[in-house]
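Number of protein chains: 2
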Amino acid sequence: MNKHAIAIHGGAGTILKSQITVEKEGAYKKGLLAALQAGNEILEKGGTSLDAVEAAIISLEDNPLFNAGKGSVFTHEGKHEMDAALMNGKDLKAGAVAGVLHIKNPVKLARAVMDQSDNVLLVGDGAMAFAAKMHLQFEDEKYFFSQHRLDQLKEIQDTDTMQMDHADKDADGMLKKKIGTVGAVALDIHGNISAGTSTGGMTNKRYGRVGDTPIIGAGTYANNTTCAISCTGVGEYFIRSVVAYDISCLMEYKGLTLEEACNEVVLKKLVDFGGEGGLIAIDAEGNVQMPFNSEGMYRGMKKAGEDYVVGIYRAE
Amino acid sequence: MNKHAIAIHGGAGTILKSQITVEKEGAYKKGLLAALQAGNEILEKGGTSLDAVEAAIISLEDNPLFNAGKGSVFTHEGKHEMDAALMNGKDLKAGAVAGVLHIKNPVKLARAVMDQSDNVLLVGDGAMAFAAKMHLQFEDEKYFFSQHRLDQLKEIQDTDTMQMDHADKDADGMLKKKIGTVGAVALDIHGNISAGTSTGGMTNKRYGRVGDTPIIGAGTYANNTTCAISCTGVGEYFIRSVVAYDISCLMEYKGLTLEEACNEVVLKKLVDFGGEGGLIAIDAEGNVQMPFNSEGMYRGMKKAGEDYVVGIYRAE
Chain Y
1 MNKHAIAIHG GAGTILKSQI TVEKEGAYKK GLLAALQAGN EILEKGGTSL DAVEAAIISL
61 EDNPLFNAGK GSVFTHEGKH EMDAALMNGK DLKAGAVAGV LHIKNPVKLA RAVMDQSDNV
121 LLVGDGAMAF AAKMHLQFED EKYFFSQHRL DQLKEIQDTD TMQMDHADKD ADGMLKKKIG
181 TVGAVALDIH GNISAGTSTG GMTNKRYGRV GDTPIIGAGT YANNTTCAIS CTGVGEYFIR
241 SVVAYDISCL MEYKGLTLEE ACNEVVLKKL VDFGGEGGLI AIDAEGNVQM PFNSEGMYRG
301 MKKAGEDYVV GIYRAE
Chain W
1 MNKHAIAIHG GAGTILKSQI TVEKEGAYKK GLLAALQAGN EILEKGGTSL DAVEAAIISL
61 EDNPLFNAGK GSVFTHEGKH EMDAALMNGK DLKAGAVAGV LHIKNPVKLA RAVMDQSDNV
121 LLVGDGAMAF AAKMHLQFED EKYFFSQHRL DQLKEIQDTD TMQMDHADKD ADGMLKKKIG
181 TVGAVALDIH GNISAGTSTG GMTNKRYGRV GDTPIIGAGT YANNTTCAIS CTGVGEYFIR
241 SVVAYDISCL MEYKGLTLEE ACNEVVLKKL VDFGGEGGLI AIDAEGNVQM PFNSEGMYRG
301 MKKAGEDYVV GIYRAE
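Going down the list, the protein sequences come from chains Y and W. Our numbering puts the first residue of the first sequence at 1, with every later residue one more than the last. Our numbering puts the first residue of the second sequence at 1, with every later residue one more than the last.
Honestly, the hints are just simulated from the structure, not real lab data. Watch out, some of these pointers could steer you wrong.
It does not matter which identical chain is used: a pair holds within one copy or between any two.
[Unchecked claim] Only pairs whose alpha carbons sit at most 25 Å apart, straight line, appear in this in silico BS3-like list of lysine-lysine:
id, residue 1, residue 2
1, Lys268, Lys254
2, Lys104, Lys90
3, Lys254, Lys269
4, Lys154, Lys269
5, Lys93, Lys3
6, Lys30, Lys269
7, Lys133, Lys79
8, Lys93, Lys269
9, Lys45, Lys17
10, Lys154, Lys90
11, Lys29, Lys79
12, Lys45, Lys254
Model, not experiment: these values are computed from the prediction.
Whenever a hint applies, use it, and build me the whole structure from the sequences.
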């Protein structure tokens, strides 16, 4: 088997072509392409899907445009609390972290949890102590600061309820709902698939809120016998629907194809349930699906021998 | 529909009749019976399965014999970090907390997250701030202290690896592996099922480790159309296997009965995977299953019109 493929996402939500400048669109597409290239380069050299997923996510975490790592949104208290997860479809090994601050690349911490501990999920101060022990890179608040993200917080900081998504107002005052998360799934030439997800969560989140990103089975899942999945959306609905594992089970127990299972969950079950968002999915045959029920989803894919594909809006 | 039923567990592991005194056995059984009675009383009066599950878990959290609430084990740093979750099978609402200290009844905090917030999972300091806002009861370290638990910690505190389970040595020096967690599942006369789980985690756990208990789909899950599940075992394996939702999917997508699905997951898949533990399960017909692949599991059930049943070992 010599096929390889990678798919990525950079968040879903109300992303309309009419409300985005050509310059900004170009910047997003450039960021998606760079992440795909980082992953594809590893796959082409015969590297593992896990390494490719991690490399693609690091590229997105380092890009201030996406809500993960450097570009993470502000919490209610004006901090950046991040979550991340990785899963290897070959042996079902997984690593995840939630509620970590100051970590430059939360996906690297998830990888360290997977490789260097007996655990799957570490949270908060304890996870940061583990990061220090693993000699991972810490950054101060300045690294994560952007005026854009602070403006997003200030717009809703005084609201009493916790805000589910951050909201950009454009020139004509329309709200653009955007659900920030980044993720990647990949198939390597050895036939193994992997998945990973990383996020700064929701602007104005409080009380140590954690979404679906670091929850194995909800926001992130990988299993060679079925699929590898990374989700982006309103996390609470994705947790309650156990979205990623649901797709896996529809394939394993009901015999659905990857495409059928993705459509069933994202375009039917989640829509009925009120769960806005999308996901990227891959199987061991190299099939890729990138369904979403929101207006748009930052996404891209690259299969061996084929061109790079990146997209933002629904119809393209 | 006038059937109602409740089942509970108080942890699984290497619990052998030859290694437990008659007095201790009696104390455990009394604790299980009291928890069943607390839940059954609510169900008999026409209360909800969610209230019954919460009441049974509060009874177990208040009992120093079980590893949850008051009886929580010590972390490596000599603290008590607790996790809990609740899920309502009627509307798939869920609430969970992880890594909380000083909270007398973590299951009440999970309930508050479910009822009083837009979120599903809160962790660490943020979750404790939410508990304070909800006026939940806090307790100091003294409340959670027991010499027995401290001895368990001291025995393994200097080991370099994180200890998966706490280990009691009995008179003849044999290790008794015991995986502490408490949980309940119930069916009410309205035909709704619910599940809940609460734990102090593993003795000597570090780095903010969180197990399967607060992970919806892994340690806790409820859905009227399939089943309500509460797990106890080595959490990492239960997370990677998405145990609770796996049983639900085997019923929904493969048409297995509750019994068949429980046996498939606990007695086959988990055994092959190396995941020691067990779970309690109920469906909307009032069927109850309490499978475990360990030597024993503290457990009990009470169906309307039938006697109370409590058990500890494999053959009884």
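Hint-by-hint comparison with the structure:
{"no.": "1", "hint": "Lys268 / Lys254", "in the structure": "both (16 Å within a copy, 20 Å between copies)"}
{"no.": "2", "hint": "Lys104 / Lys90", "in the structure": "neither (27 Å within a copy, 41 Å between copies)"}
{"no.": "3", "hint": "Lys254 / Lys269", "in the structure": "both (15 Å within a copy, 18 Å between copies)"}
{"no.": "4", "hint": "Lys154 / Lys269", "in the structure": "neither (34 Å within a copy, 49 Å between copies)"}
{"no.": "5", "hint": "Lys93 / Lys3", "in the structure": "within (23 Å within a copy, 41 Å between copies)"}
{"no.": "6", "hint": "Lys30 / Lys269", "in the structure": "neither (33 Å within a copy, 44 Å between copies)"}
{"no.": "7", "hint": "Lys133 / Lys79", "in the structure": "both (23 Å within a copy, 20 Å between copies)"}
{"no.": "8", "hint": "Lys93 / Lys269", "in the structure": "between (28 Å within a copy, 15 Å between copies)"}
{"no.": "9", "hint": "Lys45 / Lys17", "in the structure": "neither (36 Å within a copy, 57 Å between copies)"}
{"no.": "10", "hint": "Lys154 / Lys90", "in the structure": "neither (44 Å within a copy, 37 Å between copies)"}
{"no.": "11", "hint": "Lys29 / Lys79", "in the structure": "neither (28 Å within a copy, 48 Å between copies)"}
{"no.": "12", "hint": "Lys45 / Lys254", "in the structure": "neither (36 Å within a copy, 40 Å between copies)"}
In terms of the numbered hints stated before, the structure departs from hints 2, 4, 6, 9, 10, 11, 12, listed from lowest to highest.
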